[in-house]
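Asks: Each chain, written out:
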Amino acid sequence: AQKVTQAQTEISVVEKEDVTLDCVYETRDTTYYLFWYKQPPSGELVFLIRRNSFDEQNEISGRYSWNFQKSTSSFNFTITASQVVDSAVYFCALSEAPRGGKLIFGQGTELSVKP
Amino acid sequence: DTEVTQTPKHLVMGMTNKKSLKCEQHMGHRAMYWYKQKAKKPPELMFVYSYEKLSINESVPSRFSPECPNSSLLNLHLHALQPEDSALYLCASSQGRDTYGYTFGSGTRLTVV
Chain C
1 AQKVTQAQTE ISVVEKEDVT LDCVYETRDT TYYLFWYKQP PSGELVFLIR
51 RNSFDEQNEI SGRYSWNFQK STSSFNFTIT ASQVVDSAVY FCALSEAPRG
101 GKLIFGQGTE LSVKP
Chain P
116 DTEVTQTPKH LVMGMTNKKS LKCEQHMGHR AMYWYKQKAK KPPELMFVYS
166 YEKLSINESV PSRFSPECPN SSLLNLHLHA LQPEDSALYL CASSQGRDTY
216 GYTFGSGTRL TVV
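Line by line, the protein sequences give chains C and P. Note that the working numbering has the first sequence beginning at 1, numbered continuously upward. Note that the working numbering has the second sequence beginning at 116, numbered continuously upward.
Derived from the structure by calculation, the hints contain no laboratory data. Incorrect hints may have been included.
As the list claims (entries may be wrong) - Calculated lysine-lysine pairs in the DSSO-like style (CA-CA distance at most 30 angstroms, straight line): (1) P:K133 <-> C:K16; (2) P:K155 <-> C:K3; (3) P:K133 <-> P:K168.
As the list claims (entries may be wrong) - Reference listing, derived: stretches of chain C covered by chain P, where coverage requires no fewer than 3 residues with Cβ under 8 angstroms from a Cβ of chain P: (4) 41-54; (5) 103-109.
We put the CB at the ideal spot given by N, CA and C, even for glycine.
Please build the complete structure, drawing on both the sequences and the hints.
Replies: Here you go:
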């Protein structure tokens, strides 16, 4: 069965600290996609990144970076020099190709960045 | 236009009311989705439409009735809801069911009284 686990329910940091959000997934498929979404209090799910199972390259986008390790079934997300605007709930999600059509979300990590 | 637009943003309805949620996208996406999200929980899939045909129904109660009149529009008709149906209803679209990338709307916050 497919499953996504975000063990950290809540994280609180002070501005400018680095923070890593953990994501561990389970799937039997060899082809799948992993996502990270940000959900601010307004409710909209903001797409951050998509990774397919064949691309284990780490990615950096500004202050955001992602570490994908198939050996440990993990797809962790790091925010460098956190800012108050980073405060939100972050969801890791899994979708399996070719069945597609369904995102399986982790429980989410609520990040609070204090000034 | 790279948005998914949902209306209304907020809705309060009684248990005997009939109402509809609307979702619209003009990105040429051929798959559209309804998700339900309770407070402090992740979104849960309700329905998937692919090329205007219902392809996934996650055993959703019949008081929720989806409709896809054309490739840009997705409706969710609500009838005889219960207070526990109060939630954030999110619409999303993607280019196809290949999960290339989902675009979510900002949701409708529904309260059933």
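Asks: Each of the hints needs a verdict: does it hold here or not?
Replies: Results of checking the hints against the structure:
no. : hint              : in the structure
1   : P:K133 <-> C:K16  : 49 angstroms, violated
2   : P:K155 <-> C:K3   : 18 angstroms, holds
3   : P:K133 <-> P:K168 : 23 angstroms, holds
4   : 41-54             : holds (count 7)
5   : 103-109           : holds (count 5)
Hint check: a violation occurs at hint 1 only; the rest are consistent with the structure.
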